[in-house]
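K.L.:
Model the placement of chain F on the given structure of chain Y, informed by the hints.
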Amino acid sequence: MNPRDLLLRYRKDPRFIITVPLLILAATSLIYYVVQRAKDLSPEALNSQVLLFVLSNINLLLIIGIVFVLLRGIVKLVLERKHGIIGSRFRTKLVVTYVATSLLPVLLLFLFATDLLRVSIDRWFNTPVRKILQNGEAIAEMAQDQSASIATGAAREIAADPAVIDNIDTHLLHVREFHHVDLVGIYRGGTLVKAFTDPRAPIQEVSEPPLRFFDEVQQKGSATKIDVGASGKWIRVAARIGGGPYAAIAGVFIPNTMSRMIDESIVAHKNFQQLDSQRPALKASQTSLFLAVTLAILFGTLWTSIYASRRITIPIKALAEATSTLAEGGYGTRVGISATDEVGRLIESFNSMSTQLAQQRHALTETNRRLDDERAFMLTVQESVATGIIAFSDDLRLLSINRAALAMLGIEQPAPRVDLREVLTGDLAPLAQALCDLTARAPRSREVTLIRGGELRYLELSVARLGAGNTQGWVLAIEDSTQLMQAQKLAAWGEAARRIAHEIKNPLTPIQLSAERIAKKFGGEHPQIHEGCRTIVNEVSQLKRMVDEFSRFARMPAVHMQHAPLAENLQQAASLYRDVKPGVSVSVDADPEISLLMDPEQIRRAVGNLLKNAVEATDRGEIRVSAKKNQQRVVIEVADPGRGVADSDKEKLFLPYFSTKGRGTGLGLAIVHRIVRDHDGQITVHDNSPRGTRFQIELPA
Amino acid sequence: MRIRLVFAALLALAVLPLSAEPRIGSLTATSSNAGAVTVRFTLADAFRDHHTVQALQSGLPTSFTYVVEIYRDRPRWFDEGIGRSRIEVIATFNSLTREYLLNYRRDRKLVRSEMFSDLETLQKRMTTIDEPSLFDIGARRPYKVRVRVKADFGRGFLLYVIPWKISTRWKEVRVAGTAEAAQVR
Numbered sequence: 007m008n009p010r011d012l013l014l015r016y017r018k019d020p021r022f023i024i025t026v027p028l029l030i031l032a033a034t035s036l037i038y039y040v041v042q043r044a045k046d047l048s049p050e051a052l053n054s055q056v057l058l059f060v061l062s063n064i065n066l067l068l069i070i071g072i073v074f075v076l077l078r079g080i081v082k083l084v085l086e087r088k089h090g091i092i093g094s095r096f097r098t099k100l101v102v103t104y105v106a107t108s109l110l111p112v113l114l115l116f117l118f119a120t121d122l123l124r125v126s127i128d129r130w131f132n133t134p135v136r137k138i139l140q141n142g143e144a145i146a147e148m149a150q151d152q153s154a155s156i157a158t159g160a161a162r163e164i165a166a167d168p169a170v171i172d173n174i175d176t177h178l179l180h181v182r183e184f185h186h187v188d189l190v191g192i193y194r195g196g197t198l199v200k201a202f203t204d205p206r207a208p209i210q211e212v213s214e215p216p217l218r219f220f221d222e223v224q225q226k227g228s229a230t231k232i233d234v235g236a237s238g239k240w241i242r243v244a245a246r247i248g249g250g251p252y253a254a255i256a257g258v259f260i261p262n263t264m265s266r267m268i269d270e271s272i273v274a275h276k277n278f279q280q281l282d283s284q285r286p287a288l289k290a291s292q293t294s295l296f297l298a299v300t301l302a303i304l305f306g307t308l309w310t311s312i313y314a315s316r317r318i319t320i321p322i323k324a325l326a327e328a329t330s331t332l333a334e335g336g337y338g339t340r341v342g343i344s345a346t347d348e349v350g351r352l353i354e355s356f357n358s359m360s361t362q363l364a365q366q367r368h369a370l371t372e373t374n375r376r377l378d379d380e381r382a383f384m385l386t387v388q389e390s391v392a393t394g395i396i397a398f399s400d401d402l403r404l405l406s407i408n409r410a411a412l413a414m415l416g417i418e419q420p421a422p423r424v425d426l427r428e429v430l431t432g433d434l435a436p437l438a439q440a441l442c443d444l445t446a447r448a449p450r451s452r453e454v455t456l457i458r459g460g461e462l463r464y465l466e467l468s469v470a471r472l473g474a475g476n477t478q479g480w481v482l483a484i485e486d487s488t489q490l491m492q493a494q495k496l497a498a499w500g501e502a503a504r505r506i507a508h509e510i511k512n513p514l515t516p517i518q519l520s521a522e523r524i525a526k527k528f529g530g531e532h533p534q535i536h537e538g539c540r541t542i543v544n545e546v547s548q549l550k551r552m553v554d555e556f557s558r559f560a561r562m563p564a565v566h567m568q569h570a571p572l573a574e575n576l577q578q579a580a581s582l583y584r585d586v587k588p589g590v591s592v593s594v595d596a597d598p599e600i601s602l603l604m605d606p607e608q609i610r611r612a613v614g615n616l617l618k619n620a621v622e623a624t625d626r627g628e629i630r631v632s633a634k635k636n637q638q639r640v641v642i643e644v645a646d647p648g649r650g651v652a653d654s655d656k657e658k659l660f661l662p663y664f665s666t667k668g669r670g671t672g673l674g675l676a677i678v679h680r681i682v683r684d685h686d687g688q689i690t691v692h693d694n695s696p697r698g699t700r701f702q703i704e705l706p707a
Numbered sequence: 073m074r075i076r077l078v079f080a081a082l083l084a085l086a087v088l089p090l091s092a093e094p095r096i097g098s099l100t101a102t103s104s105n106a107g108a109v110t111v112r113f114t115l116a117d118a119f120r121d122h123h124t125v126q127a128l129q130s131g132l133p134t135s136f137t138y139v140v141e142i143y144r145d146r147p148r149w150f151d152e153g154i155g156r157s158r159i160e161v162i163a164t165f166n167s168l169t170r171e172y173l174l175n176y177r178r179d180r181k182l183v184r185s186e187m188f189s190d191l192e193t194l195q196k197r198m199t200t201i202d203e204p205s206l207f208d209i210g211a212r213r214p215y216k217v218r219v220r221v222k223a224d225f226g227r228g229f230l231l232y233v234i235p236w237k238i239s240t241r242w243k244e245v246r247v248a249g250t251a252e253a254a255q256v257r
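Order-wise, the sequence lines are chains Y and F. Mapping to the working numbering: the first sequence position 660 is 666, numbers consecutive. Mapping to the working numbering: the second sequence position 146 is 218, numbers consecutive.
Just chain Y, same shape as in the assembly:
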């Protein structure tokens, strides 16, 4: 794994983030410690360009690091604030506070401390030590110069006598004794000619003077050479002898006991001078070192502050985002970040609250779903029952109405909370009045008769108080007892007809026979009697025919249901009434595909009765018979352009013995009604357009 991958892997690791600044601090502290311990280092080391180079580069790297971290943090904060990321403002405040509280004190401390450091360094070199060292060196050099002057005196005395070459030994020994020097000698062009030394002075510890030394002697007349040996220091002075190649040399040996003190004094002052000369470099190195420590602290502080602000704001940001999610309906949202402080407790509370909300919402949803199911069930029941159900408030405002009620009343779906008194108008006005009465006082049920669409309707109403929940009002149940009532009436009329026929028919035959006998016996003599008897016989025959009709009506045969084509039956029924009346035609328009479960004979009879009435009511025009299938119903219509039926007669049209023709039994439409009812059908009468009457028979398909 390369370093970049390692960095990417560990850069968000808290241990890594904390360790790096600590390592930088430790490294800086180590450098500082080493330099502090480097008191014994030479001035060259302190003034080392390498040290300054290293410190400068460390400072540069730290400055770049600080600028990078700072700029990166600022840019990220600006972008986060621009994009409206939650927690960015809080984080900005934290970072600004951290930086302000760390940057300013550290910078002020750095400025004051470095100034103090420079002043202190300057003060080191303004102490009496300088004078002491200077005087010490001067004394040491004076001591050394004194030896050098003795040697110079001896060398010059040797060189002063050009004849010394001729008597070297004597002269050299004399000078050595006289000047108390440790070395006397003669050199020729750098080569030793003769020399005498004190046996106690170890001349062998130092090397022969180099040629350039003698060159200098030749050029300047004299030269001095100082050499340091193991036992002490040699000061040798050479002087040119005349203008030739010879040079006289004299030397003084300073033993270690003395030369060491001289050297130490000289070296001490020189070291002090070196330090003084390096004062700017010393200040620079110390200031650089202090700057490195300061920058390391700043870097660590900055890094830590940004990291700490992030650590603080991450849970808050997550909490804010989760709150926003929760507000938008995300119940059960949890904050997945753990924290051990107060924010952690806040997160735990939030998670607990969110969980409880989710559970409560789940329970609420379940309850609502159950209620919806129950409501749907009730609606289904309400819609499927044949009983009309209307719920309304105390002030007669509609709460609900089922399909059966709409069908019974023949109205469209009203608007919610509409006043029922505005809906139940016209033919339905008695119903509105009944509602007022039923809700006002007992009894809570009654029967209402309505004429709706020209048809008489018997409705049984009963109300019950609604007391559930906040809803106050009433429930109205409507039972359509029209068919029941009609059936009861028909049954009553049938029974009555049967009894009347029985009671009337029995005496009619004797009456007829008696009238015929009277006419036979007295009719020839008395035309009036004959006429009277004939009238009696005719009327009795009429009565008998009428009684037969009653009997037939009372004894309607049972239907024999079978599948049969409807169009064919209609054609057969219509064929009986074609060309019966001049100017009146009959047409049939029936779908030949319609096949119906019916009693064909009864249906032909019912349609025939309707056609018979239509032909009688029509003076000129076309009577149309049609049949079509409409969903689960087959609708047969007989429409004529005749005189039509008055609205007042429509309610009684299907009752037995009701006739608008002034003749006949009035049983035709009653029979039709009975046949249709026996087929579980329904017959209604309407005004034809533009005139006439239209009978509509609906049969189950």
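To be clear, the hints were calculated from the coordinates, so they are not data collected in a lab. In this text the structure is predicted, and so the values were computed from the model without any measurement.
Facing chain F, from chain Y, some residues (calculated, C-beta under 7 Å):
| # | residue |
| --- | --- |
| 1 | K276 |
| 2 | Q279 |
| 3 | S283 |
| 4 | A290 |
| 5 | T293 |
| 6 | S294 |
| 7 | L297 |
Derived list of chain Y stretches under chain F, where covered just means 3 residues or more per stretch with a C-beta under 8 Å from a C-beta of chain F:
| # | segment |
| --- | --- |
| 8 | 57-70 |
| 9 | 229-235 |
Not close to chain F: a few residues of chain Y, all C-beta gaps over 10 Å, as computed:
| # | residue |
| --- | --- |
| 10 | T107 |
| 11 | V299 |
| 12 | T307 |
| 13 | D425 |
| 14 | L462 |
| 15 | A470 |
| 16 | K527 |
| 17 | Q568 |
| 18 | E574 |
| 19 | A596 |
Glycine is no exception: its CB is placed at the ideal position from the N, C-alpha and C atoms.
P.N.:
Then chain F, alone, in the frame of chain Y:
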């Protein structure tokens, strides 16, 4: 008149410190027929600052670094660099033997070491450079070739922290041919 005097005084004050600063002087560059270029120059006022002498006398290694460049002058275009040489003279004083050690390095290689017991001779030796055949310009015409020299003679610190070299200004001269050099002599 008074204003002129004030200006003159200010100008003198401004010029005086400049005149005390080290500078390259007596720069000559001569080319032989074979194209070898000899460079001679001096560093004036190098030891005028007593701090320099004090540092040298204290035993600190004191050095001057001369940077010598030779290039072909191309008007209105970039100059063509031909060669560059770096000459260092480093003097160290032994306070015990009272001798000065002078190391002479060219292009980071030690050329020679010398011992001096005389400060004046040492200073002259450090500030007088005579480098025969320092560069080879080949067949280039000498009058189109120029030599420039600067000396790094110290170190300063910007804001007490940032080290930077203290250098003289560049001094440059046109390379003289053999005949021209003879006339000069």
